[in-house]
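Respectively, the protein sequence lines represent chains U and H. Here full-length UniProt numbering is used: position 95 in the first sequence is 95, and no number is missing along the way. Here full-length UniProt numbering is used: position 120 in the second sequence is 120, and no number is missing along the way.
Simulated from the structure, these hints should not be mistaken for lab results. Mixed in with the good hints there might be a few duds.
[What the hints assert, rightly or not] Quick list of in silico lysine to any residue cross-link-like pairs, SDA-like style, CA-CA up to 25 Å:
no. : chain 1 : residue 1 : chain 2 : residue 2
1   : H       : Lys74     : U       : Tyr156
2   : H       : Lys100    : U       : Ala107
3   : H       : Lys114    : U       : Ser94
4   : H       : Lys78     : H       : Lys114
5   : U       : Lys100    : H       : Pro163
6   : U       : Lys100    : H       : Ile51
7   : U       : Lys135    : H       : Tyr38
8   : H       : Lys138    : U       : Leu141
9   : U       : Lys93     : U       : Gln129
10  : U       : Lys114    : H       : Tyr156
11  : U       : Lys116    : H       : Tyr156
12  : U       : Lys93     : U       : Lys138
13  : U       : Lys138    : H       : Lys74
14  : H       : Lys112    : U       : Lys114
15  : U       : Lys74     : U       : Glu14
16  : U       : Lys2      : U       : Lys78
17  : H       : Lys116    : U       : Asn16
18  : H       : Lys78     : U       : Arg142
19  : H       : Lys135    : U       : Ile167
20  : U       : Lys100    : U       : Lys114
21  : H       : Lys8      : H       : Arg90
22  : H       : Lys78     : H       : Lys135
23  : H       : Lys112    : U       : Ala107
24  : U       : Lys100    : H       : Tyr158
25  : U       : Lys34     : U       : Val106
26  : H       : Lys93     : U       : Ala107
27  : U       : Lys112    : H       : Lys135
28  : H       : Lys34     : H       : Gly17
29  : H       : Lys93     : U       : Glu111
30  : H       : Lys135    : H       : Thr68
31  : U       : Lys93     : U       : Lys74
32  : U       : Lys78     : H       : Lys114
33  : U       : Lys93     : U       : Lys135
34  : H       : Lys112    : U       : Asn162
35  : H       : Lys44     : H       : Thr33
36  : U       : Lys78     : U       : Leu60
37  : H       : Lys116    : U       : Glu14
38  : H       : Lys114    : U       : Phe161
There are 2 protein chains.
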Amino acid sequence: MKTKIITKSIELFERNGFTETSVQHIVDALHVTKGTFYYYFDSKEALLMEIHLAYIDDLLQRQTTILTQQLSVKEKIKAIIGLLIFDIERQGKSAQIFLKEIRHLVAENGEKIKAKRNAFRLNIEHLIQQGIENKELKQTLRADTITFAILGISNYSYNWFNPQGEITPLALVDSYVEIILNGISNDS
Amino acid sequence: MKTKIITKSIELFERNGFTETSVQHIVDALHVTKGTFYYYFDSKEALLMEIHLAYIDDLLQRQTTILTQQLSVKEKIKAIIGLLIFDIERQGKSAQIFLKEIRHLVAENGEKIKAKRNAFRLNIEHLIQQGIENKELKQTLRADTITFAILGISNYSYNWFNPQGEITPLALVDSYVEIILNGISNDS
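Starting from the given sequences, assemble the full structure and let the hints guide the process.
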């Protein structure tokens, strides 16, 4: 039931927004009572926090898997872009909520999630820095700016990319990696 | 007074969200009556629509100015990225609202704004296509994907870029143009 509540809430939050969706809407859509909801979650905000935590913890874990593999920096960059793009197909609606509704978390929870997001970003920045140092990447780059460019390209895809459309997720990853790497690779 | 209402509302929407900000909050913050508000705007939604229209019409107009100049495709790409990045400094809060609150417009107004956003995007796509045809850009590119990459990098900056920080807006534009162009330029 807990998973059902989470899945249905994600659907409703994505369609109508977090503020506009009440606990009543959620339980009505599931044909259960408010009691059932409050058995699993202290509040609507607690539920939102759980969605955020599950999302970022999963991303961080998969990022760690990539970072600890025996791969070049460029291959790791490609894998991380893949992680973000494939997630559109894998959990499109959670991703939308993850990106849009963070301000509805209470301050303390918002800070926890932001710290984890920062960790995800700083892992990429560290990787880029490593690539600059081992000369896989251009020596003139700022690792922080490149990191934001990578996150920007990947995260913006949620606004328009349809994984069932003409471009496959794999083709999109290849095309973005091509743009980014040929822009930042040290081919000299 | 109309401009004052718009400016103050942008501030409140950005800080607290559109849904959470009532007309009462807006008039209280300005020490005026609700009557004053409704003299200028039919509703809170009408005000939001006005913010959206002003923002996108201004962007489209400045984009047209760039596109009609005697510049290479690459120079025009740079100018359009500049347009988006400099706007963070120029009208950061409107931009936030423009990007986040579109779903609160009524269906018909939402469609009008989306059509204008699409026009902005398709102008870039057309420019990229032109660059592919005149061989300034690589022949293998998909103009639509590149366009989304450019919009992604630029628009994502609103999430993190502080124009008063260590990196100046000009340096950021240069750095993004460098990443994108060296990735998509046909240097062969």
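Structure-based check of all given hints:
1. Lys74(H) to Tyr156(U): 22 Å, holds
2. Lys100(H) to Ala107(U): 20 Å, holds
3. Lys114(H) to Ser94(U): 23 Å, holds
4. Lys78(H) to Lys114(H): 24 Å, holds
5. Lys100(U) to Pro163(H): 23 Å, holds
6. Lys100(U) to Ile51(H): 20 Å, holds
7. Lys135(U) to Tyr38(H): 62 Å, violated
8. Lys138(H) to Leu141(U): OK: Lys138(H) and Leu141(U) at ~23 Å, within 25 Å.
9. Lys93(U) to Gln129(U): 32 Å, violated
10. Lys114(U) to Tyr156(H): 16 Å, holds
11. Lys116(U) to Tyr156(H): Cα-Cα ~18 Å, so holds.
12. Lys93(U) to Lys138(U): Violated, at roughly 36 Å.
13. Lys138(U) to Lys74(H): Roughly 21 Å between the alpha carbons, so the hint for Lys138(U) and Lys74(H) holds.
14. Lys112(H) to Lys114(U): The hint is violated at about 34 Å.
15. Lys74(U) to Glu14(U): Violated, because 34 Å separates the two Cα atoms, which is more than 25 Å.
16. Lys2(U) to Lys78(U): With a Cα-Cα distance of about 35 Å, the restraint between Lys2(U) and Lys78(U) is violated, given a limit of 25 Å.
17. Lys116(H) to Asn16(U): 23 Å, holds
18. Lys78(H) to Arg142(U): Roughly 19 Å between the alpha carbons, so the hint for Lys78(H) and Arg142(U) holds.
19. Lys135(H) to Ile167(U): 23 Å, holds
20. Lys100(U) to Lys114(U): 13 Å, holds
21. Lys8(H) to Arg90(H): 16 Å, holds
22. Lys78(H) to Lys135(H): Since the Cα atoms of Lys78(H) and Lys135(H) sit roughly 17 Å apart, the hinted pair holds (cutoff 25 Å).
23. Lys112(H) to Ala107(U): Answer violated: Lys112(H) to Ala107(U) is near 36 Å, above 25 Å.
24. Lys100(U) to Tyr158(H): With Cα atoms ~13 Å apart, Lys100(U) and Tyr158(H) stay inside 25 Å; holds.
25. Lys34(U) to Val106(U): Holds. Lys34(U) to Val106(U) sits at ~22 Å (cutoff 25 Å).
26. Lys93(H) to Ala107(U): 21 Å, holds
27. Lys112(U) to Lys135(H): 48 Å, violated
28. Lys34(H) to Gly17(H): 20 Å, holds
29. Lys93(H) to Glu111(U): 22 Å, holds
30. Lys135(H) to Thr68(H): Since the Cα atoms of Lys135(H) and Thr68(H) sit roughly 19 Å apart, the hinted pair holds (cutoff 25 Å).
31. Lys93(U) to Lys74(U): 29 Å, violated
32. Lys78(U) to Lys114(H): The given pair, whose Cα atoms are some 32 Å apart, is violated under the 25 Å limit.
33. Lys93(U) to Lys135(U): Measuring from Cα to Cα gives roughly 38 Å; hence the hint is violated.
34. Lys112(H) to Asn162(U): The hint holds at about 22 Å.
35. Lys44(H) to Thr33(H): 14 Å, holds
36. Lys78(U) to Leu60(U): 16 Å, holds
37. Lys116(H) to Glu14(U): This hinted pair holds, its Cα atoms lying about 23 Å apart.
38. Lys114(H) to Phe161(U): Since the Cα atoms of Lys114(H) and Phe161(U) sit roughly 16 Å apart, the hinted pair holds (cutoff 25 Å).
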